[in-house]
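Asks: Each chain is listed here by its residues.
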Amino acid sequence: MATKTYIEAIREGMRDEMARDERVIVMGEDVGVKGGVFKATEGLHKEFGEMRVIDTPLAESAIVGVAIGAAINGLLPIAEIQFQDFIMPAVDQIISEAAKIRYRSNNDFHVPMVVRAPFGGGVHGALYHSQSMEAMFCHIPGLKVVVPSTPHDAKGLLRAAIRDPDPVLYFEHKRAYRLIKGEVPEGDYVEPIGKARVVSEGSDIAIFTYGLMTHFCADAAEKLGADGFSCEVVDLRTLRPLDRAQIVASARKCGKVLVVQEANLAVSIASEVAAIVAEDCFEYLDAPVMRLGGPEIPGVPFSPPLEEFYMLTPAKIETELRKLAAY
Amino acid sequence: MFRHMTRARVLDERMWVLNRQGRAPFVISCQGHEAAQVAFAMALRPGYDWVAPYYRDLAVTLVLGMTPRDHLLATMARAADPNSGARQMPAHYGCRRLNIITGGSPVATQVLHAAGAALASKVRGEDAVAFTSLGEGSTSEGDFHEGLNFAAVHHLPLITVVENNGFAISVPWDKQMPLKDVALRAQAYGMPGVIVDGGDPVGCYAAMKEAVERGRRGEGPTLIEAKVARLTPHSSDDDDRVYKTREALAEEKRLDCVVLFRQELEQSGVLAPGDAEEMRAEAMREVDKALQEAEASPLPAPESALLHVYGD
Numbered sequence: 001m002a003t004k005t006y007i008e009a010i011r012e013g014m015r016d017e018m019a020r021d022e023r024v025i026v027m028g029e030d031v032g033v034k035g036g037v038f039k040a041t042e043g044l045h046k047e048f049g050e051m052r053v054i055d056t057p058l059a060e061s062a063i064v065g066v067a068i069g070a071a072i073n074g075l076l077p078i079a080e081i082q083f084q085d086f087i088m089p090a091v092d093q094i095i096s097e098a099a100k101i102r103y104r105s106n107n108d109f110h111v112p113m114v115v116r117a118p119f120g121g122g123v124h125g126a127l128y129h130s131q132s133m134e135a136m137f138c139h140i141p142g143l144k145v146v147v148p149s150t151p152h153d154a155k156g157l158l159r160a161a162i163r164d165p166d167p168v169l170y171f172e173h174k175r176a177y178r179l180i181k182g183e184v185p186e187g188d189y190v191e192p193i194g195k196a197r198v199v200s201e202g203s204d205i206a207i208f209t210y211g212l213m214t215h216f217c218a219d220a221a222e223k224l225g226a227d228g229f230s231c232e233v234v235d236l237r238t239l240r241p242l243d244r245a246q247i248v249a250s251a252r253k254c255g256k257v258l259v260v261q262e263a264n265l266a267v268s269i270a271s272e273v274a275a276i277v278a279e280d281c282f283e284y285l286d287a288p289v290m291r292l293g294g295p296e297i298p299g300v301p302f303s304p305p306l307e308e309f310y311m312l313t314p315a316k317i318e319t320e321l322r323k324l325a326a327y
Numbered sequence: 328m329f330r331h332m333t334r335a336r337v338l339d340e341r342m343w344v345l346n347r348q349g350r351a352p353f354v355i356s357c358q359g360h361e362a363a364q365v366a367f368a369m370a371l372r373p374g375y376d377w378v379a380p381y382y383r384d385l386a387v388t389l390v391l392g393m394t395p396r397d398h399l400l401a402t403m404a405r406a407a408d409p410n411s412g413a414r415q416m417p418a419h420y421g422c423r424r425l426n427i428i429t430g431g432s433p434v435a436t437q438v439l440h441a442a443g444a445a446l447a448s449k450v451r452g453e454d455a456v457a458f459t460s461l462g463e464g465s466t467s468e469g470d471f472h473e474g475l476n477f478a479a480v481h482h483l484p485l486i487t488v489v490e491n492n493g494f495a496i497s498v499p500w501d502k503q504m505p506l507k508d509v510a511l512r513a514q515a516y517g518m519p520g521v522i523v524d525g526g527d528p529v530g531c532y533a534a535m536k537e538a539v540e541r542g543r544r545g546e547g548p549t550l551i552e553a554k555v556a557r558l559t560p561h562s563s564d565d566d567d568r569v570y571k572t573r574e575a576l577a578e579e580k581r582l583d584c585v586v587l588f589r590q591e592l593e594q595s596g597v598l599a600p601g602d603a604e605e606m607r608a609e610a611m612r613e614v615d616k617a618l619q620e621a622e623a624s625p626l627p628a629p630e631s632a633l634l635h636v637y638g639d
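Heads up: the sequence lines are chains H and L, in that order.
The first sequence: position 112 = 112 (this note's numbering), numbered continuously.
Heads up: take any position in the second sequence, counting from 1, add 327, and you land on this note's numbering.
Treat the hints loosely; a few may be bogus.
[What the hints assert, rightly or not] Sample of chain H residues facing chain L (criterion: CB under 10 Å; computed from the structure):
(1) R23
(2) R52
(3) A70
(4) P89
(5) D92
(6) R102
(7) D108
(8) P112
It should be emphasised that the hints constitute simulated quantities derived from the structure, not laboratory data.
The beta carbon of each residue, even a glycine, is placed where N, CA and C say it ideally should be.
Produce the complete structure using the sequences and hints provided.
Replies: Okay, here's the thing in structure tokens:
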């Protein structure tokens with residue numbers, strides 16, 4: 001098995017699917033000749049041509065709205081939004097249109113479309129190149145939301161997203177692009193949407209997380225392990241639908257739960273996981289469910305001390321875990 | 328052409344009667360737009376070309392192959408409504424068989440769907456065109472601009488029709504735009520812009536036919552503006568007396584496209600005396616039967632509300 005970066009795995013996922021199925025197209029700003037501002041689509045324009053790798057006008061509603069129409073007429077579009085922060089003009093198309101088209105047509109039409117967008121901070125991107133806005137889409141029936149944390153899952157989940165018959169939002173942590181490396185199998189494999197992954201088994205504290213925070217949580221869990229506390233790290237991978245069965249199983253087994261995310265906590269993934277644990281694991285809990293996330297401020301500020309204040313680190317997670325271990 | 332216009336008018340009038348009788352909660356009308364809508368739809372290939380209409384396009388859907396029964400099932404909120412299984416309000420058209428793309432309530436979003444359908448046809452090397460329509464008020468939305476610009480940049484076979492009746496619910500055209508003609512904007516998008524008299528079905532057909540042929544030849548999009556009259560309030564929940572004078576409405580009704588086209592056809596001898604009455608009677612019979620069938624058709628089962636959120 002070859003070791004690849006997270007972004008290489010994403011690129012390979014698109015490339016392999018485009019080679020496998022000529023209905024797959026890629027569209028977005030700078031995805032063509034330039035190969036994307038992060039180089040996620042590098043080489044695709046050359047290999048598949050401008051009819052299938054389309055540089056669009058700088059208009060996010062059009063990128064998604066046109067992808068919806070193309071999906072209805074038989075293509076499998078991958079629409080790239082350059083930064084998740086800039087998805088807002090497309091939200092009407094995503095929520096009012098894509099999410100509702102199967103339902104509102106009584107199953108006559110559906111939208112097999114993927115919207116890819118990089119999210120997350122720690123790259124000096126400030127308010128509008130750092131946000132984690134996944135929670136707002138997870139509220140919407142009709143959408144699926146996936147966030148891979150490893151190159152293996154990045155490729156396997158992207159394949160699953162492209163083959164899925166419904167709109168899938170595929171959010172990539174931009175700091176993971178070149179930071180995270182891992183083994184990626186050869187050949188045609190798919191990681192199922194809706195299934196969490198147990199990163200490391202444990203029995204004292206269940207940690208539920210996703211994206212880059214999966215790696216930070218694994219580091220923090222290792223520190224506690226050295227002191228004899230056993231943490232079960234669960235990478236949620238799919239945020240809608242959440243893998244309720246895995247959340248309940250790990251929470252019941254450990255009796256203590258920490259949910260970690262980069263986004264601020266109000267009405268978030270962590271809120272939903274905590275609610276599931278409260279509903280289904282009450283008798284099994286040895287401590288209140290704890291949540292760790294970003295502060296309730298509108299975005300990640302630019303200046304390094306401000307950004308560092310915002311961002312989680314393995315050390316911050318470790319501190320929280322020790323509080324929970326001592327409860 | 329006149330038969331289609333008559334059929335749409337009769338069906339539309341019946342829907343209003345049902346509403347005023349308390350039998351239908353919501354009606355939105357095509358009255359005054361029939362000539363343009365019939366002409367535009369007749370220039371398309373049903374089930375081959377793609378259509379993203381708006382809520383006023385009853386006559387468009389009828390010409391393409393939907394039926395009064397289909398729409399009365401929607402009006403009466405019946406499970407068999409082919410548009411949406413009565414999940415949506417009436418006049419939110421959709422029909423897989425005829426490539427009529429399901430529409431929602433936010434306006435102008437469908438322009439992008441039509442552009443996307445046109446893109447897919449182009450990618451596959453087909454000569455299908457995509458048709459979308461909207462009111463002049465909806466041209467204020469960003470999606471109208473984004474759709475036309477996208478279609479122009481990528482030379483897509485998209486025909487965008489603006490049915491300009493001068494009012495967006497109550498707001499007159501001059502509070503939407505400083506220039507009276509939407510079609511002038513076509514120049515800025517680098518595509519032909521055509522203004523047609525929406526009361527003249529033959530002129531509308533000729534303009535549409537040319538736009539369709541341009542699209543099929545790969546020569547890109549066209550913007551068509553049809554100047555029409557809205558002979559009813561915006562919907563059954565609106566009262567147009569607040570913003571439209573009775574004199575203005577009377578003048579619009581004097582120029583009613585169904586009445587004028589009938590006169591023209593009778594004067595030129597295309598219609599014999601009595602033909603128009605017979606067409607109207609025929610449409611009434613069809614609508615009567617359709618209404619009986621719709622009323623006899625079951626409502627959706629409550630728990631069916633949970634179906635079809637996802638495909639797997």
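Asks: Which constraints among the numbered hints does this structure fail? Numbers only, ascending.
Replies: Per hint list: zero violations.
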